[in-house]
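These protein sequences, in sequence, are chains A and B. Numbering-wise (this note's numbering), the first sequence opens with residue 14 and increments by one. Numbering-wise (this note's numbering), the second sequence opens with residue 14 and increments by one.
No lab work stands behind these hints, which were simulated from the structure alone. Treat the hints with care, as some may be off.
Which copy is meant is left open, so a pair is good if it fits within one copy or across any two.
As the list claims (entries may be wrong) - Dumping the calculated DSBU-like pairs for lysine-lysine here, alpha-carbon to alpha-carbon at most 35 Å:
id, residue 1, residue 2
1, 108, 187
2, 108, 48
3, 116, 61
4, 61, 23
5, 116, 23
6, 187, 48
7, 23, 108
8, 108, 61
9, 48, 116
10, 187, 61
11, 48, 61
12, 48, 129
Here is how the chains run, residue by residue.
2 protein chains.
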Amino acid sequence: MIHMEGLDVKLSKAQRLLLMTDGSVTTLLEVLTGKPVVVTTLLQQVVKADTDRAVNLDITEGDSINYRVVVLMNEDDDRALIHAESYTPIARLQKEFRHDLMKADIPIGRILAQRKIESRREIRRIETTLNEELCDLFNVPRDIPLLSRTYDIISNCMVLIRITETFPSTNFSKKIVMDIP
Amino acid sequence: MIHMEGLDVKLSKAQRLLLMTDGSVTTLLEVLTGKPVVVTTLLQQVVKADTDRAVNLDITEGDSINYRVVVLMNEDDDRALIHAESYTPIARLQKEFRHDLMKADIPIGRILAQRKIESRREIRRIETTLNEELCDLFNVPRDIPLLSRTYDIISNCMVLIRITETFPSTNFSKKIVMDIP
Chain A
14 MIHMEGLDVK LSKAQRLLLM TDGSVTTLLE VLTGKPVVVT TLLQQVVKAD TDRAVNLDIT
74 EGDSINYRVV VLMNEDDDRA LIHAESYTPI ARLQKEFRHD LMKADIPIGR ILAQRKIESR
134 REIRRIETTL NEELCDLFNV PRDIPLLSRT YDIISNCMVL IRITETFPST NFSKKIVMDI
194 P
Chain B
14 MIHMEGLDVK LSKAQRLLLM TDGSVTTLLE VLTGKPVVVT TLLQQVVKAD TDRAVNLDIT
74 EGDSINYRVV VLMNEDDDRA LIHAESYTPI ARLQKEFRHD LMKADIPIGR ILAQRKIESR
134 REIRRIETTL NEELCDLFNV PRDIPLLSRT YDIISNCMVL IRITETFPST NFSKKIVMDI
194 P
């Protein structure tokens, strides 16, 4: 279990689910919002790995990486639910997966399911950040702390994708109430 | 997306999360209850596959299966959260996984994570059932409908485990309320 450094006491259950899940975030968002979730791609480009990135992904400096920045939102609503950045070593992508990732607005969890890719997820970091540009994107005041987590989707014992998901601490902030037995 | 045949309109978000997730149910329960979740094994035995079971698991009739029945509960509370039955073809288990599954009270999601097993989950069925014996186990009236789902954990393109999870429709029944942006 990843420590959230005291963060957890202040977080709602929906926020903790989004930060802790090892399943599809899209599915989770669809259940939480009760509506279909779609991806809007903000940026999609092939970049060369710098030293840090190469170490994180266990590739060689200069190797090609697909860098994708998306926003997850409800299909009938232009408000951002979650901002997600992903880094994928191109050489590790099967042809069909590469097409889905680079040419189409498909959430990664859905690509994995459709392509029947076996994987596991390891959470690397959960933190709070400040970021004025992202606050503008989410249309919240610039001093609102953001909640963020970074995790790896691992397949064939290699990092297939490193993802950082971010959302304002004011999103999904109400309590989950429920009966246990 | 699996259809729930009109079920979903009556279900709370927590119930829908438990029925729809493709991640660890233990992690989900820990976040929903806010407390550590443990497994209590009710039954653990090796059985021979009958015709139906052999078809479901894509093995030969008569092959050995590990049949495990557990209850997930909070560590400090003897009330059952979820009842889970699992069928695992013995021949598909690595030695360490077999030990964890057959000799120890460890949730399957946690075994998969600890043993770094790459997999995917496919939901086969979501339904309501009536079962007096299970109602007694959950300490609810015998006419309370139970919610149940059956899914496969697939690894190396084979069904590693078929799991059926069940809980009363009165568990996790309150609404999740939250702010979206």
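How the hints compare with the structure:
Taking CA atoms no more than 35 Å apart as the test, residue 108 paired with residue 187 passes in neither setting, with 42 Å inside one copy and 44 Å between copies. With identical chains, the CA atoms of residue 108 and residue 48 are at most 35 Å apart within one copy only, with a shortest distance of 31 Å there and 43 Å across copies. Within a single copy, residue 116 and residue 61 get their C-alpha atoms as close as 19 Å, which meets the 35 Å cut-off; across copies the closest is 48 Å, which misses it. Neither within a single protomer nor between protomers do residue 61 and residue 23 lie at most 35 Å apart by alpha-carbon distance, with minima of 39 Å and 50 Å respectively.
In this assembly of identical chains, the alpha carbons of residue 116 and residue 23 never lie at most 35 Å apart, being 39 Å within a copy and 38 Å across copies at closest. Proximity of residue 187 and residue 48 under a CA criterion of 35 Å is satisfied in both settings, with 18 Å inside one chain copy and 19 Å between copies. Proximity of residue 23 and residue 108 under a CA criterion of 35 Å is satisfied in neither setting, with 43 Å inside one chain copy and 41 Å between copies. For the homomeric pair residue 108 and residue 61, the shortest alpha-carbon distance inside one copy (19 Å) is at most 35 Å, but the shortest distance between copies (41 Å) is not.
Taking identical chains as interchangeable, the C-alpha atoms of residue 48 and residue 116 lie at most 35 Å apart only when both belong to the same chain, with a minimum of 24 Å there against 42 Å between chains. For a Cα distance limit of 35 Å, the shortest separation of residue 187 from residue 61 qualifies neither inside one copy, at 41 Å, nor across copies, at 49 Å. For a Cα distance limit of 35 Å, the shortest separation of residue 48 from residue 61 qualifies neither inside one copy, at 37 Å, nor across copies, at 43 Å. For a Cα distance limit of 35 Å, the shortest separation of residue 48 from residue 129 qualifies both inside one copy, at 24 Å, and across copies, at 33 Å.
Of the numbered hints given earlier, the model fails hints 1, 4, 5, 7, 10 and 11; all others are met.
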